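Same order as they appear, the protein sequences are chains A and B.
FYI, my numbering numbers position 372 of the first sequence as 372, with every residue one higher than the one before it.
FYI, my numbering numbers position 278 of the second sequence as 1278, with every residue one higher than the one before it.
Among the hints, a few may not be true.
[Said to hold, decoys possible] Partial list, computed: chain B residues near chain A (C-beta under 7 Å): (1) Ile1208; (2) Phe1220; (3) Ser1238; (4) Ala1253; (5) Pro1280; (6) Arg1414; (7) Trp1419; (8) His1425; (9) Asp1428; (10) Asp1445.
[Unchecked claim] So these bits of chain B aren't anywhere near chain A, every CB distance computed over 12 Å: (11) Gln1012; (12) Arg1218; (13) Ala1222; (14) Leu1420.
To be clear, the hints were calculated from the coordinates, so they are not data collected in a lab.
Being a predicted model, the structure only gives us computed values, none of them experimental.
Every residue, glycine too, gets a C-beta built ideally from N, C-alpha and C.
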Amino acid sequence: MVSYKAAMSRDKQIVRAWTRAQARLGRRNARPVIAAGLVGTLIACAQAACIAALLGPVLAGHAAAMQIVWPLAGFGCLAIVRAMVLALGDIAAGRAGARARRRLRQDIVQTMLSAGPVLLRRAHSGALAALAFDRVEALDGFFARWIPASILWVAQPVLVVCVVAFVAPHAALVMALCGLFVPFAQAAFGIGAAVASRRQFLAMTRLQARFLDRIRGIATIVLAGRADDEAERLAAAAAELRKRTMTVLRVAFLSSAAIDLAMVVALVLITLGEGHGLVAQRAAGTLDPASVGRALFALVLVPEFFAPLRALALAYQDRAQASGAAESIHDLFGAETVSIDADEGRQSHDVPCTPGEARPSSVSVRFERVSFSWDADRGASLSDVSFRMDARQTLLLCGASGAGKSTIMELLLGFVSPMSGRILFNECDVAEMSSAQRARYVAWIGQRPVLFAGTIADNLRLARPEASDEALEHALAMASADFVSALPQGIHTVIGDGGFGLSGGQAQRIAIARAFLKNAPLLLLDEPTAHLDPATERAIFDTLARLAEGRTVILASHSHAISRFGAQRLDLVHGRVLESRVVA
Amino acid sequence: MSRVQHTPLVDQRTAFAQIFGVWRPCMPRLAIGIVLSLLALLAGLELMWTAGLRLAGMAIGLWAVASIVLRLLGAGRVAGRYIERLFTHDAMFRALADLRVWFFRRLAAGSAAGLGFRRSGDLLSRLVSDVETLDGLYLRVVVPLCGAAVALALLLRAALPLAPGLAVVLAVLLLMAAIALPLVALRIGRHEGGSIAVAQAALRNGLIDLTAGLREIRAFEAEAGVASRIDVLDESLSRAQGQLARKLALAGAVSFLTGQAAIVAVLAALVGVGMTPLHPAAGCGLLFLTIAAFEASSGLTRAGVLAGTMGMAARRVVESADQPATLDRGTRPAPSGTDIALRNVSFRWSPDRPMVLRNVTLDIPSGSRVAILGPSGAGKSSLAALLLKVAVPEEGDILLGSEPLSTLRDDAVRSRIAWLSQATHLFDDTLRANLTLGRRDVTDDMLWRALDQAAIGDLVRGLPDGLETWIGEGGTRLSGGQGRRVALARTLLADAPILLLDEPTTGLDAQTAADFFSTLNDVAGDRTVIMIAHRLTGVERIDRVWRVADGQVMPAMA
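Chain B extracted, bound-state conformation (with noise of 0.2 Å):
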């Protein structure tokens, strides 16, 4: 059931266009940010030209140049970049902040969402550091890119009055250290990147197999072969790294030369190669000035090649965020009947993928109990995703308490209706948090309620820290049945009339199983009860059996 895409990937400007869109509230402090660094950038590269001017002021008695404003400046020089670089970090970082936010908002808002199958874990771990790529962006790229043309504006005008010629070659000088070298870091990171992310995703995967497999190993005795497998692909991502770290190298050294040859330029005007020699005070500051500037602009090099992959990050962030929001959004509040009708319903879940269910009525009227079999890839997850308005189907309308899904509000249809299956989450968080989810309408009563009718109010009870203990990531720290019950005490807290179990008891040992449901008979009262399984174990109490195959959806002896 889940959706593989391979759409191309939104073209960069897109994503960067998207992206500063979501950064507009930011962008005052941002932008006061880059102004505070180019104050400080401003009183660094003063500070060395007034050092240089006064050093040869006093060596040919112009004393005139005042030693305050040297000590000003070098004071000014410390204060603002120590204040710029906290202001800049923290601008930045309430960007990162905002940029989490509305991606999450727009993958709970969007079918990406979908029933929590349709994305790997491993997609979404990326772009969580893929948002945190995105930091280098300002501070790295815009910031410096920004200081760079304060630096060329004061070095043409230290050097423009001196000698025109100098300050032309000086300013092409900036300018390729600036721009032209990034840009071919650019081109380079972009090339080299993409043979690492190759190489990388293969060891990745490796060591995957690797960890998943300890048992396949440590049974057929096949530790030698897999550590050698690995230690070949490790030694092909290092030769990748090095291939990049190598070209790096040589445009960092570019990088640098660019800064001497600007440094041997201002000393040759200074002893007058080819020219009347500059005034000496005034060649010295501009000598000072000029290596004040370059060493400004001497990471945007390396910044360059960051930026290819910033790129790649910001186009992988917004195009997973930007799946289509969830359909037609219903207006209407949900109606107080829990019948439900199929009425020849298709589905497919996009365009160019077969019908997974085809002209499908069913009927199942408020207080039934009903189960949905068939084997997996039937359908039968695509019926639950229908119910639950994570999709909407192609043809045919779905119908609750005679009013069609697709006019009612999709939080009004998920409060009808309360969903229990294997990819139900259980958070890294309390017990408590794990019931509630942040609904703070929930008594402890109401909790301990939910707890006993899931049969494990007891052994809740029994631990030291009760309602607080903390259950583990993906609730590791209770057994598998212990867990499903956490996730059943959650479903009933809900209070929906329609409970949706899809294969709630998968990865369960039978007895366990049998158990879970048994006491699922007792709790679920008058709700209605849709249960999608494999097959049934013999302990559910069910009025009527469909079974799903080819699409079709046909009634089956209870």
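Isolated chain A (complex conformation) (with noise of 0.2 Å):
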């Protein structure tokens, strides 16, 4: 338990230190805007003086002098630079905002890159997908909001207070005051709050999962019989989010009416003031318009002294989201760190292994007692597995799931290193080898080929970008993929979200001309005909017999129809191997 409070608040750190980061490397971009803040309350002090100079002699009864043209001018002339100066300020926010979330997308995108396959053994791809959308799209508000709001929320009152000083020093004592009281108001019944808040932001966001989980099966629901119910128990939620939502939001509020309180008493205190010294000169019979117009002056600038104050309480919702991305990414990248600077360390000795052999014509495999594990709490997926294959060999991986067979695959593709033990090519060990290098020797087709949103040929280019045309043909016809030559537009045909699309026979299809083109040595099959029907997997494996043709194949299957790739099988049970021996 006390190690699980320790590691909460190592946690909360990290959180905080991330926070803190970012509003650093935000702060240079959330210059311009505030610097219009700034900007724009000098002009709101020019305008309160044209004000006061109109209006002071007006009030005062000496009509005579009143300059009419000058200020009144003046105010309208200020108030279009102001509008100007309130447009770019908005626009550098929103500038801010996008160029601080592209550079956190990239840096979400270059981590999940580089940590690679093994992430998707942690979230799911759509969890990921979210985390690097909708998080990042979330957080523009920190950044174009928040961080501005964080330094204007003083700067701006001291500007206003500086400036009443030198014409009207109690007005601008009251001001100081009643801002002074803000804070304190607020960490009154605001540090338990914020604690209070935190927990209610975390609440709201479980009850949101909730209902989405509960649309999801809403199928389920529906023909167990339990709709009625359910929705029963949604209301039920719906109003404990509400009640929860409103707890935090009472926090938010009452940090605003003591703003409004403040103000209030601001307002009534300086009209007060300034009106009984008034009163007391006009008994008197010396009522000076300039004394008016120092009144006026102080009075017109109260709502601008407290104004950015509220934009701090607003913008503090945004405040919250950064702190909610942090422990998101913290959550999902934390323990990553570490391995993807065991992955940078080895691409700096590179070390070519294979001399001269740009392109490998053929490889043998060796594993060399090799262990692995995902996860130290559930044991080894593999332990002390050895074994060898020559070059244009075909290996059967067998045994039930979890077995380790996915395990193998994912080693030789080098989406994770052998936690002790050897993985050797053509009696390299493959851990020297540059990732780019180990990439050439292996082609790969999984259970459901992953096509990106693009065109045939895109698709078919992520093996070998600078493929002509001809080539791509070639490699279609190789992989009797003669769908796509029917297409209106060949391989320019755009296949995935809102293209054309494909069954999982063609996408299958796909795949294998991708490995034809890629013509790597070293060919993993991983159940490439788990999710097809018999007759177009026996389709398919006659083309991936073709495909096997002068390569060494590593294959995992359930199928029957795998009998023709005459072959050695390695058993696997429980990440051991069982036995090796020789079928047909």
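Assembly of the complex is requested from the two constituent chains, each provided in isolation within its own frame, with the hints serving as guidance.
Structure representation (structure tokens):
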């Protein structure tokens, strides 16, 4: 329990550190926003001076001493300038938000890419995408509003007080005191409440997730005849969500009520204080337009003084978003930093192991007492696995799910590295190859190939970016992907979201064409027909047999159709090699 | 089998009408909220007005304007605003909660429930946030618009007696700020919002590609290309958002300028430009009132942009909840017999799509075990949908215990047929909640018996939290085989005489699937078992095999 708490507080520190680091990075882009805010305040002061100059004489009854033209024109011109500054500030804020989001997204994408497929063991791909998209989008307010507001809430009021102090020191004092009351008031009902609001924020997120989960599983609920009951429970959950949200909002509203209160008090005190002096002057018959003007000046600037405080209160929820984002980023990648460093370290001592051979034409594979574990708590996924295959041999991996077949594939692909033991290609330790070198050896076809949104040609060129259209056509022909030439736009047909929908068999043929194009000596086939019906499966295996010719092949499949690959067989049980024999 | 709908969205007015219909029970509360917020606004406006009057009054000796009024109004403004905001937000959240529940009920009642694969999770998640977007409708549009109306009335009341010309100018400017500019912003937002939505969708899809394709990317060393592609998409999103931000900033600046123009107008009137000067005290009060009135309606321009988004959100919410409510609802209870018979059944998902099943006749006697095989898309799952009354045949009859399915109540049918498929959802909840799905008439003994029958009881006993174990989103804390067994236990708990298994082992390896089927053989007892699959593994105990191809169902050798 103690260690759990310690871990929690360490996590909290990391989150705080992340938020602080982001704020530091965001501040540079926020500079124009802050500058615009400060210039706006100065213009507001000048406008207040115009009003004072205009109305002072009117109110003092000295209409003759009145200057009309320049204060009125000045006020108008300043209004136009201020509107422009306002617009520029808004645009700058938008830009600061956009820049920060783009930087952050680049960071996250880079982290995901360098962590690689291991991430998919830890989180659903949808959740990862949501982190890189929705979480980052939601941080816009943090960079566009919170960071400038966190500086302006001090700078702007100080500026106003300084200006007013020159003209009406008493009024300035009142303003400053009322201003100081705000943070005190917020601290008084804020500190405990801030902690509460953090907890509420988490509870809110959880309740939202619950609603989403129920909607996703609606068919299960309906077909089990539980819809009415579930709707009632949902109503209860929604009521709970409302109550919790209101608790959070109450804090926010209290804090802005404190600001309102301070402002009203300042208005009333300044009105009464200055007014009192004026009444005395009037009684003495010495009412001075300038002193009326001074009172007006101070009064007009009261709202300007409190506006930044209110902006800060409004931006507070943006701050909460940042903490939330930091937590989910930390949850996902926190453990990752170590292995990424290791990866970079390996690439730095780039000793070419296969001298002179840019494109290896054949490869032998050897596992030397390889052990690996995905999760220390659950024990080893592979323990002490050794086998060897000569070039152009085929090996069949057999065993129940969880026996370690996919782990062997992922080790060969370099998604993960062995915890002990060595993997050798052509008698070279792959740990000493750069990942680019190793990638040249391996072509891989998994259960469901991921095809990226884009044209068929784009998807094929993933394997060889410089390939000519003819080469692509050839690869498709080898993969028996005849359906492509029947499409009106051929290889330039857009597939994926919003494009042409491919069947499972067709997608697998594209993946095979990709492997033909890559022309690597080691072919890894990981349940390539698991989701296909028997007729399609047979056809796909025919094509795979052609692809396998002259290559080293490692195949994991439960299908009976694989008997044609007269092969060595490796039986795995709980990560250990059971026996190795030749069938057929 | 998923039906892609390309029907146009319902139009905005109908959508809003429907949403307001759902909110009818909340209307009194929402109305009170508006009244409260108007009172708070009035207090605020009066405060500014009186402050102006009073200041001027003191200067020129009208001491009569009571300072008590000022203080009262000040306190009233603060307390009023606090209460008003609490109340309006609370009323709004109640309305949103009602909308969510309504949405859920409609989805459950309508055919949109489908078999769980009609609509993607992405669309659903967007609908969740769409409901949230709608909170702006009341808080940012309706309430401030009412406020602007009150401000206008008060402004006219103050200005008309002083100078009718000035009153007209102020009214026109306020109407510009509260109505004309928001409408312009609405148009801008609708236009730019479209291109932002496109850019967002592109980037989101790019990122989904990236995360789903991490393996391919690593295997093909395509990291750099993918990263730069994402960056290009991100840039075009930033550009679209930047364009909207610029136009919005411009609209905001113009809105600010209308307020400033109004101040200039009052100032000019005060010093008597082109007219006899206003009485200083009254003019000063008017000046302060003008400032406050325009401040109150300054948020509307920004709300105008959001209104476009809200309109879209309303349409999406209503559209997806607005599925035709299920077909003909029967009224009769379930018959005691459980023989199933299909008589000349033809079916398609919609009139503009080809027939999935043509003239199918099929008998599944009570207690028999049949398999229905065929390639994907042949109509196997349509058959399941028909039996569960999620869809109705275009022609022909389906009989359950010699009663036509169409005359039976939906829940009566579903109490006789327990459905298990790969789409059977495991909820992000405890094991117990997943098994009972909220039923309270289930004892622990029954739970354990079902778990033992599904051959997972021992594993659950070994878990530290037992039945209270949290199984994670989609059952991610369980292995695939374990998750399927939990779903099986749930199906067995339903105690229905017919088990409908729609490819229950997809995604499981052969050994796990075989184990699953041998468990099933043991526990099915004398229930009818209908198994839908690509192929048989050889472990299943089956009396009859049917093959589906080209819309026909043919007997095949067992």
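Hints, one by one, checked against the model:
Interface restraint check for isoleucine 1208 of chain B: the shortest CB-CB distance to chain A comes to about 4 Å, inside 7 Å, so the restraint holds. Hint status for phenylalanine 1220 of chain B relative to chain A: holds, with the closest Cβ pair at about 5 Å, below 7 Å. With a cut of 7 Å, the hint placing serine 1238 of chain B at the interface with chain A holds, because the nearest CB-to-CB distance is about 4 Å. Here the hint on alanine 1253 of chain B is kept, as its CB sits about 4 Å from the closest CB of chain A, short of 7 Å.
A distance limit of 7 Å between C-beta atoms decides the matter here; for proline 1280 of chain B the minimum to chain A is near 5 Å, and the interface restraint holds. With its C-beta approaching chain A no nearer than about 5 Å, arginine 1414 of chain B sits inside the 7 Å limit, and its interface hint holds. Checking tryptophan 1419 of chain B against chain A: minimum C-beta separation of about 5 Å stays under 7 Å; hint holds. A cut of 7 Å between beta carbons decides the hint on histidine 1425 of chain B: the least distance to chain A is about 3 Å, and the hint holds.
Against a cut-off of 7 Å between C-beta atoms, the interface hint on aspartate 1428 of chain B holds, since the closest Cβ of chain A lies about 5 Å away. Given the 7 Å rule on beta carbons, the hint for aspartate 1445 of chain B is violated: about 20 Å separates it from the nearest Cβ of chain A. With 12 Å as the threshold on Cβ separation, the claim that glutamine 1012 of chain B sits away from chain A holds: the shortest Cβ distance comes to roughly 24 Å. The beta carbon of arginine 1218 of chain B is not kept farther than 12 Å from every beta carbon of chain A, the shortest such distance being approximately 5 Å.
For alanine 1222 of chain B, the non-interface assignment is contradicted: its Cβ lies about 5 Å from the closest Cβ of chain A, within the 12 Å cut-off. Not every CB of chain A is more than 12 Å from the CB of leucine 1420 of chain B (nearest about 10 Å), against its label as outside the interface.
Consistency with the previously given hints fails for numbers 10, 12, 13 and 14, ordered from lowest to highest.
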